Amino acid sequence: MEYPIIPPLIKQHLLEKTAAMESGRRSARIAAIFCVLFELYFITVVVSLFLGFLNMFPFHEIPTPVFAYFIKGFMFFVLTIVVVGLINKQVRIQLGERAPEALKNRGLVLSITIVLSAAALAAGYIIGTTYLHLEFGLLFFLRWFLAIISIFVVMLPYYRAKSVRDKYQNAYRNMFIQESISGMGKAISYDQKNYISKEIFVESDLFPCETIFMYSGSDMFHTTEQTFSGSRLDVKQKEVHTSNGKTETKVTDLFKGYFFTAPFNKKIHGETFVFPDLARSFAGELYGEMINSFVKRKNLQLVRLEDPI
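Numbering (the working numbering), first residue to last: 1 to 309.
Do not take every clue at face value.
[Stated by the list, open to error] So the derived label-pair ranges between C-beta atoms look like this:
no.	residue 1	residue 2	range
1	S27	I81	33 to 43 Å
2	V66	T130	42 to 52 Å
3	S163	P263	32 to 42 Å
4	F76	I212	19 to 29 Å
5	I151	N265	52 to 62 Å
6	V82	K162	52 to 62 Å
7	L110	G137	39 to 49 Å
8	I93	P65	38 to 48 Å
9	A68	R92	14 to 24 Å
10	I114	N265	51 to 61 Å
The hints are simulated quantities; they were obtained by calculation from the structure and are not laboratory data. Bear in mind that the values here come from a model prediction, so they are computed numbers and not experimental data. For glycine and all other residues, C-beta sits at the position ideal for the given N, C-alpha and C.
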């Protein structure tokens with residue numbers, strides 16, 4: 001493991017402590033693999049239960065065969081979209097933890113997502129149409145009971161493995177930050193469980209149009225004079241959409257990363273605001289950028305980042 005921007009002495013300490021944590025790393029890797037396998041198993045079982053239930057529906061009794069095939073195809077389509085979305089999210093999380101640079105390779109992310117989604121859907125289809133597709137009776141209830149109870153049986157070791165993985169990650173992050181801070185030659189305090197207050201985050205006016213729903217964080221560090229501070233924050237917002245008389249509520253990330261506060265010895269006349277890039281979301285990167293170039297906000301100047309990802 002390389003630390004190109006860290007002074008040699010601190011780098012040596014980090015390498016020594018990293019070597020001492022090697023046994024814990026192996027256990028954490030095994031635990032992480034088990035967590036991934038359980039999540040795939042959970043998705044597969046849910047798919048099999050859905051398909052097993054869908055195959056029990058008497059589509060052959062519908063007077064119009066075309067309509068029956070349309071309904072069945074639509075259900076398969078919705079199921080596929082949900083499975084692909086769930087697996088894509090997990091793929092991005094796992095790659096983000098292990099190889100953040102790989103997230104920029106959209107082809108790789110898409111390929112892994114397609115392969116895992118196809119495997120989960122195929123396994124779920126086989127189980128749902130052969131093992132769970134039965135007429136009502138003792139054998140039907142027994143097999144469905146076993147399929148559902150298997151999730152709860154595996155859940156206990158899953159949470160145990162998740163605890164091992166998270167404990168190692170927290171210990172490694174804590175060690176890394178403490179060693180890095182200790183070599184800066186300045187009086188800096190570090191508190192793994194504390195974080196910047198919600199009031200300070202709101203006062204920054206980065207998100208003037210959003211309402212905070214959940215606020216948490218970790219890894220607080222600051223100078224003894226309280227002139228500079230920073231912490232990791234996980235801020236979520238609640239979005240409410242109304243369409244055709246139906247109201248849908250969704251909780252999404254508003255800010256997830258490190259937030260810093262620091263004084264400046266110069267007066268700054270200006271403010272920075274962060275808005276969702278709706279143009280890119282709906283029109284794609286190329287056409288969305290063209291739309292952003294034409295759309296102007298009063299008294300605001302659009303800032304383009306070198307690497308917005």
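Evaluation of the provided hints:
Judged by the Cβ atoms, the range 33 to 43 Å given for S27 and I81 holds: they are separated by roughly 36 Å. In this structure the supplied range 42 to 52 Å is violated for V66 paired with T130, their Cβ-Cβ distance being about 27 Å. S163 and P263 have their C-beta atoms about 40 Å apart, which keeps the hinted 32 to 42 Å range intact. Distance hint for F76 and I212: a CB-CB separation of about 38 Å, inconsistent with the stated range 19 to 29 Å.
At roughly 58 Å, the beta carbons of I151 and N265 sit within the given window of 52 to 62 Å. Between V82 and K162 the CB atoms are about 23 Å apart, so this pair departs from the stated range of 52 to 62 Å. Our hint of 39 to 49 Å for L110 and G137 holds, since their Cβ atoms are close to 43 Å apart. Checking the proposed 38 to 48 Å range against I93 and P65 shows it holds: the Cβ atoms sit about 43 Å from each other.
For the pair A68 and R92, the beta carbons lie near 37 Å from each other, so the given range of 14 to 24 Å is not met. At roughly 53 Å, the beta-carbon separation of I114 and N265 lies within the given 51 to 61 Å, and the hint holds.
The structure shown violates the earlier hints numbered 2, 4, 6 and 9.
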